[in-house]
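Visitor: The listed protein sequences correspond, in order, to chains A and B. So for the first sequence, the UniProt record's numbering puts the first residue at 1; every next one is plus one. So for the second sequence, the UniProt record's numbering puts the first residue at 1; every next one is plus one.
Be aware that one or more of the hints could be misleading.
As the list claims (entries may be wrong) - Okay, derived cross-link-like pairs now, DSS-like style, lysine-lysine, Cα gap no bigger than 25 Å in a straight line: (1) Lys488/A <-> Lys106/B; (2) Lys266/A <-> Lys320/A; (3) Lys106/B <-> Lys484/A; (4) Lys34/B <-> Lys118/A; (5) Lys395/A <-> Lys220/A; (6) Lys266/A <-> Lys328/A; (7) Lys220/A <-> Lys266/A.
None of these hints come from the bench; they were simulated from the model.
For reference, the chains in residue letters:
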Amino acid sequence: MDALEIARWQFGITTVYHFMMVPLTIGLGLVVAVMQTIWHRTGNPAYLRMTKFWGKLFLINFIMGVATGIVQEFQFGMAWSEYSRFVGDVFGAPLALEALLAFFVESTFLGLWIFGWKQLKPGVHLACLWIAVVGSFFSAYFIIVANSWMQHPVGVTMIDGRPVMTDAWAVFTNNTALVAVPHTLFGALAVAGGFLLGIAWYHLWRRRRDGIDTVGADGKVIAGEAAIPGRDRTDYTVWIKSLRIGAVVAMISFAGTALTGDLQGKLMFEQQPMKMAAAEAACHDGTGFSVLSVGNLGSRNCDDIVALIEVPGILSYLAKGDFTTEVKGVNSLLDQYKADYGTHLPDNPIYGDRAGQEIEYVPVMEVTYWGFRAMIGFGGLAALAALVALWLTRKGTVPESRWLMRLAVFGILAPFGANAAGWIFTEMGRQPFVVAPNPDLNGIDQVFMFTAAAVSPGVSAGEILTSLIVLTLIYAVLLVVEVKLLVKYVRGGVASAMPELVHAPVDENEDATPRDGGPDKPGTSDDVLAFAY
Amino acid sequence: MELLPTIWFIAIAVLWTGYLFLEGFDLGVGMLMKIFARNNTERRVLLNTIGPVWDGNEVWLLTAGGATFAAFPFWYASLFSALYLPLLLVLVALIFRAVAFEYRGKVDTDRWRNTWDWAIAVGSFLAAFGVGAALGLTTTGLPLDANGDRDGGPFAWFSWYAVLGGLAVVGFALLHALAFLALKTDGDVRHRARQWFVRLLPVLLLPMAGWAIGVQVLSGEAWTLVVLAVAVVAAAVAWAQARKGNEGRAFLAIGVFLLSGSASIFGAVFPVVLPSTIDPAFNLTIANASSSDYTLGLMSIVACVGLPLVIAYQAWTYWVFRRRVSAAHIPEAHSFLPAVAAKALIRKD
Chain A
1 MDALEIARWQ
11 FGITTVYHFM
21 MVPLTIGLGL
31 VVAVMQTIWH
41 RTGNPAYLRM
51 TKFWGKLFLI
61 NFIMGVATGI
71 VQEFQFGMAW
81 SEYSRFVGDV
91 FGAPLALEAL
101 LAFFVESTFL
111 GLWIFGWKQL
121 KPGVHLACLW
131 IAVVGSFFSA
141 YFIIVANSWM
151 QHPVGVTMID
161 GRPVMTDAWA
171 VFTNNTALVA
181 VPHTLFGALA
191 VAGGFLLGIA
201 WYHLWRRRRD
211 GIDTVGADGK
221 VIAGEAAIPG
231 RDRTDYTVWI
241 KSLRIGAVVA
251 MISFAGTALT
261 GDLQGKLMFE
271 QQPMKMAAAE
281 AACHDGTGFS
291 VLSVGNLGSR
301 NCDDIVALIE
311 VPGILSYLAK
321 GDFTTEVKGV
331 NSLLDQYKAD
341 YGTHLPDNPI
351 YGDRAGQEIE
361 YVPVMEVTYW
371 GFRAMIGFGG
381 LAALAALVAL
391 WLTRKGTVPE
401 SRWLMRLAVF
411 GILAPFGANA
421 AGWIFTEMGR
431 QPFVVAPNPD
441 LNGIDQVFMF
451 TAAAVSPGVS
461 AGEILTSLIV
471 LTLIYAVLLV
481 VEVKLLVKYV
491 RGGVASAMPE
501 LVHAPVDENE
511 DATPRDGGPD
521 KPGTSDDVLA
531 FAY
Chain B
1 MELLPTIWFI
11 AIAVLWTGYL
21 FLEGFDLGVG
31 MLMKIFARNN
41 TERRVLLNTI
51 GPVWDGNEVW
61 LLTAGGATFA
71 AFPFWYASLF
81 SALYLPLLLV
91 LVALIFRAVA
101 FEYRGKVDTD
111 RWRNTWDWAI
121 AVGSFLAAFG
131 VGAALGLTTT
141 GLPLDANGDR
151 DGGPFAWFSW
161 YAVLGGLAVV
171 GFALLHALAF
181 LALKTDGDVR
191 HRARQWFVRL
201 LPVLLLPMAG
211 WAIGVQVLSG
221 EAWTLVVLAV
231 AVVAAAVAWA
241 QARKGNEGRA
251 FLAIGVFLLS
261 GSASIFGAVF
271 PVVLPSTIDP
281 AFNLTIANAS
291 SSDYTLGLMS
301 IVACVGLPLV
311 IAYQAWTYWV
321 FRRRVSAAHI
331 PEAHSFLPAV
341 AAKALIRKD
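This is chain A alone, in the form it adopts within the complex (with noise of 0.2 Å):
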């Protein structure tokens, strides 16, 4: 491998990595913030359990995708100089503003709410949450306008062979990030649910085993108590509702995901055809979506590949919303960008041992076919599963089954699995371009970067191989570690993010103290700060 594909790899692997922690913080952000305000609403003392047990997750995870974050701004300096160079007029912008508009937002406020439990008023307090968690939602906004900017680059002219920004607007509200933007939010979300959901599964299983939950003869569950701190009625409460949550969670933003993919899906046929074609691993022009593909899809050579099963007209349904309209395939397509953007890279040092070669246009279709359908069967596995889960528990808890519990608890990889799929299919299905060109631009202004040009060209493969074997090494570790306490808080139940239940007597206005924003009982010594360290 030369310093192209492990700088590829590398970026590969840090960023898939980064998206796991990231849509589960933005996901369970949103649904922490909301059992929050019912809470702060109501007074119910599940939601302030809720809102503890799931935001100590939440923390667990986020820090995770704080420190996986940097190391995203800096590689693209360290690694791709060429790249940042190129698109430094546009793309910088974007990922500044992120950390000027957004990025602080989140981490300042998360901090105040973190620690200012005691400190603030309650309204002040939840609102710090709300701050945050809308951060976030600002923060992937910005990064998707970096990034719809390579699918799709709008608002620049080429200027000495650099595309310069002359319209913010435009890549400010790119077509492309614009649906991009709900397509990645609805993704998150979709964690979020199965998260919740496979987690209180779980507790309302242990309950049932433990004997503390018992079913009556009509099937409906009597809750009941342990004398162990957090484990009573309102612990019960806390996770049927938990799941409830999640599995609504999970199946709207399934809805969600799906009706956005579509949108983005039709954008992509105009915007980057070879990409979809290569998802579907059309080699021919036609309407049918494949089902089943055969053959050897890595080889890229059209004439290797049989599709056993074809659904006529879905094919046209997903690109135009007819069912009749001819779809380009590979073939064509071909022939189209060899005419458009030539059949050999320039013979330019930029390009370093690959100068002069041929062009392979076509995507690793073994990857862009099986990465589009991961993603949508990931999807549509997590919503199904959470409509199950909310029949089997519509009698107030889950059934006995030890199988059922871990399915459950398994389950929350399917949306990640989604998630992840969904963005190798995108940047994978892009290539061989970094910057992939717009279609509506044409000759001497067509804005677009190969990804062989892309690479720093003083920085030697021996030093991208040293990043990527020490990051992959860190990251699988800090992931055995995060799981690991990830599994221990869960397994703690609430009792483990609110050790007020262990080391007071459970008080059933439980809620009052804080809320009153007065004074706390002489004597306590932490007064002065919510100590999270």
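Here the structure of chain A is known, so what remains is to put chain B in place on it, guided by the hints.
Guide: Showing chain B alone in chain A's frame:
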């Protein structure tokens, strides 16, 4: 006159200074975890002084990096790619440090805490040193060719200014952290921090003085020398105020030292943003490294609104958490009984 690039050069100098001012003390507090705090309670005092704010402070680094990318893409691309391995080290340090803050208290064993304490201390040290080295080099030069790429192997960036810059930021961070702890804690930690501050000030500021003087020799002007003199005076004032027990004034004086010190350094380098040690013709300057006026104008408008807002709400955060922390406030580490492992206690209703 390159107006907008000049403004953005100043803006980036301000962002780096803001970063060093804010994260300076939390990096320093991180380092002090192992060399200053004597027991777990004191470590928790230290951590809780920076707990609510360190993450917000770190965003200054991201903003400085992002603004450099947006305003001076050629500067960003050359500096970050030339310093590939040192910046990798900074990243690793920042990752461990961030995770350590959050995870340290999550398992109640000495071994667990000790591991993360080391991660905080070493991570803070390496992050401070690496950022300092990068700033030291961007003000004194890297072996860049005509395209702005590093000429030579993975360590061709090395010069003694990297070490000096690294030590400068480490020393400053430590001193700043002592001033901060004297201001933010009470009891033994507070008094010891002040003592250390008075005793160590000359040593800890020496490398930064060396770096600033070095830059003056390379590219200084009359006004930057005057500003540097202000920095020296501010350091003396900080020392005298700390001796008298005026912790707030000492902290402020250290802030003035940083502000004037960095103004003298960035001012001396201007209008070069990254000198090439191979040929001055390859220098990156505000003229040949910057983005278009359109982009800079857009960013200026956003920054004029955004930056004061950031400063305002971050200042509010410090106000909210203004009270001193002392060992007496630190509650017992709470251990919890895992709900699911407590079957024996279950009572059936």
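Visitor: State for each hint whether it applies.
Guide: Hints, verified against the model:
Of the supplied pair hints, the one linking Lys488/A and Lys106/B holds, its CA atoms being roughly 9 Å apart against a limit of 25 Å. Distance check on the hinted pair: Lys266/A and Lys320/A sit about 6 Å apart at the alpha-carbon level, within 25 Å; holds. For the hint pairing Lys106/B with Lys484/A, the CA-to-CA distance comes to about 11 Å; that is within 25 Å, so the pair holds. Using a Cα cut-off of 25 Å, the hinted pair Lys34/B and Lys118/A is violated, with the two alpha carbons roughly 30 Å apart.
As the CA atoms of Lys395/A and Lys220/A are separated by approximately 5 Å, the hinted pair is consistent with the 25 Å bound. For the hint linking Lys266/A to Lys328/A, the alpha-carbon distance of about 13 Å falls within 25 Å, and the restraint holds. Only pairs whose Cα atoms come within 25 Å are accepted, and Lys220/A paired with Lys266/A is rejected, the gap being roughly 47 Å.
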